[in-house]
Amino acid sequence: MLNRISTYFYLRPRLVLALLLLPPLIWFLVVYIGSLITLLINSFFSLDSFTGQVVREFTLKTYAKLFEPSNLQIFGRTTLMAALVTLACALLAFPLSYYMARFASRRVKTFLYLAVTLPLWSSYVVRVYSWKLILAQEGIVSWFANLLHLDGILAWYLALPVVGGPSLSISYTGIFLVFVYIWLPYMIIPIQTALERVPKSLIEASGDLGAKPSQTFWNVILPLAFPGVIAGSIFTFSLTLGDFIVPQLFGSSAYTIGRAVLAFQGTSNNIPLAAAFTMGPILIMIVYLLIARRLGAFDAL
Amino acid sequence: MSEKTAIEFRNVTRLFSVRHKDFSGEVRAVDDVSLKINDGEFFSLLGPSGSGKTTSLRMIAGFDRPTSGQILLYGQEVSDLPPYERDVNTVFQDYALFPHMTVGENIAYGLMIKKVARAERLNRVDETLDLVRLTGFADRKPGQLSGGQRQRVALARALINHPRVLLLDEPLGALDLKLRQQMQVELKTIQQRVGITFIFVTHDQEEALTMSDRIAVFNSGKVEQIGSPAEIYERPQTPFVAGFVGVSNLISGDVAKRITGSEERFTIRPEKIHLASADGEVEGDLFFANGRVRDVVYLGLYTRYLVELEGGGDLVVVEKNINSTSMDVMKVKGQQTRLSWKKEHINRLGD
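Quick note, the sequences are listed as chains A and B, same order. According to numbering that gives the first Met the number 0, the residues represented by the first sequence are 0 to 300, in order. According to numbering that gives the first Met the number 0, the residues represented by the second sequence are 0 to 350, in order.
Derived by calculation from the structure, the hints in this document are not laboratory data. Worth double-checking, as some hints may not be accurate.
To be verified - Sample of chain B residues with no beta-carbon within 10 Å of chain A, all distances over it, derived:
id	residue
1	Gly-68
2	Glu-76
3	Asp-93
4	Met-111
5	Asn-160
6	Gln-183
7	Thr-188
8	Val-254
9	Asp-284
10	Glu-307
11	Ile-345
What the hints assert, rightly or not - Mimicking DSSO-like on lysine-lysine, the simulated pairs with C-alpha atoms at most 27 Å apart in a straight line are:
id	chain 1	residue 1	chain 2	residue 2
12	A	Lys-108	B	Lys-20
13	B	Lys-271	B	Lys-319
14	B	Lys-221	B	Lys-177
15	B	Lys-3	B	Lys-20
16	B	Lys-187	B	Lys-3
17	B	Lys-177	B	Lys-187
18	B	Lys-256	B	Lys-187
19	B	Lys-20	B	Lys-35
20	B	Lys-221	B	Lys-256
21	B	Lys-140	B	Lys-221
22	A	Lys-211	B	Lys-113
23	B	Lys-256	B	Lys-330
24	A	Lys-199	B	Lys-330
25	B	Lys-330	B	Lys-341
26	B	Lys-114	A	Lys-211
27	A	Lys-199	B	Lys-319
28	B	Lys-113	A	Lys-199
29	A	Lys-199	A	Lys-211
30	B	Lys-319	B	Lys-332
31	A	Lys-199	B	Lys-3
32	B	Lys-140	A	Lys-211
33	B	Lys-341	B	Lys-256
34	B	Lys-3	B	Lys-35
35	B	Lys-140	B	Lys-177
To be verified - Among the chain B residues that face chain A by a calculated CB cut under 10 Å, a handful are:
id	residue
36	Gln-69
37	Tyr-73
38	Glu-84
39	Tyr-94
40	Leu-166
Just so it is clear, CB atoms sit at the ideal spot from N, CA and C, and this is done for glycine as well.
Based on the provided sequences and hints, a complete structural model is requested.
As structure tokens, then:
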């Protein structure tokens, strides 16, 4: 009996494939695409400012609100932060990934792999709060600065416009540091994987043809590892765009996209505006991916 | 061909430390090797895997450095020079073509690094593509090429730089037999046309015999013999060379004494031995041995016989199937036979 079932399926590989794909496909269509479409539809509704009720009629009024200066600022601020965090993550991740992929012994590599992914095992909120302690006015950083008699420099830095603030734990610098910390593993792993896939003989061939190590890096290693950098940056960039906890905890009253969505949706029940706001990051990501494709990020895939 | 020396090894040794659960310690990948390769020569490093031939090649290229000893390139000591400062180029076993560049960009890579003007670069790429018979392939990506074509691109990418020495690391290993034989002829033709010293690593003795001016036979890190293909094949100096290059019968001790009257070891090639019926006539300047045919393998063009000698020892005999069919040769199995060969065909190895 079991044999006959096996034979039945063996002779119908397409049926097996369909059965295997059905659950993820349903999940994907209903949960992913479905909620996105709901979001899209909601963004074309509007809020009656008098009654506070959602008006279920097609309108572009809500989108027009996005172009008010204060909202444009939110987009600008968040995108700039995401870009800086991505850049910093890439710069920090590349050397470590390079070492892991090319030089580290098996044992050291395993250790580093664990060290990089270990923070992901613990709760995001706990880790973010612990940074609050590190950066607070009476926290570890200022304690250490006092110890080294660098408190003057810290005070001078905090007095700077934009990057400064009452303390590191309430400043754009704080937001930036925490973002770089929590997203760094998402950058290291793809870059390391990409670098590992560059055959050693290609690097030798480049040197053999007269290229100095720096030339080999720019002409061979970086182009071949670039898809990894892009993959990592998709994580860091989009995660930063949408995050609302870190800016909430470490920010001043200035909103980011995530905080704005939370506020419109939760506090003021303005679901249409929250939905329209959410379309922002999606659009930004599409533009980002198009630029990445232009740069040849997917050529080697 | 001038007699200038292109490459010289002076007592070159390369140790690798190995840490493994079964074995820890130092492995002598290349063990006190001294050799000279002449300018313009097609020189093969032949040996089984792990014999040190590839490590030797990598030390010439600069990917690896000798633990002790010196490597000279046209009289200049290069042991401590990085690859990019040596006037040698390599054709890699896996071709190592840059996947993100076109064929043209791959070939022009060396010139691009040397900052040769674009117009000249394009000219030379076209020239070199002609040389390897890939005219018009400049805009393809390596991924769109067959194995044989990639092989040619790798060759072109190295040759365009006019290196003084070209290193080839088992470049034909991944090709099928027909293509390999065709490339052997082509490589030799190209080498004669450009006049560059070729150093060719292979484990395929036939390939080495076909193409080389001279061959160095490697075994466990040491050079067993250096010589022309004919010398290596007909006058192997060690049992290893005799066994590795072609098939050889090694005879020693009592068996040797019964045949030649001396205990001195000698080798005899299977194709030099004549198989005759046990009661055949004895004539001429020949050595003899009697035995029984234990096994017969029909190989189409040839038949291989395994003959058990009277008084111990086996001999392999190969005969062409000129007048016999597979039916005929099978009948010989189990029969008594008399083997004979010309005295001058044995190769004495000493004791």
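So which hints don't hold here, by number, going up?
3, 4, 5, 14, 15, 18, 19, 20, 21, 23, 24, 27, 31, 36 and 37
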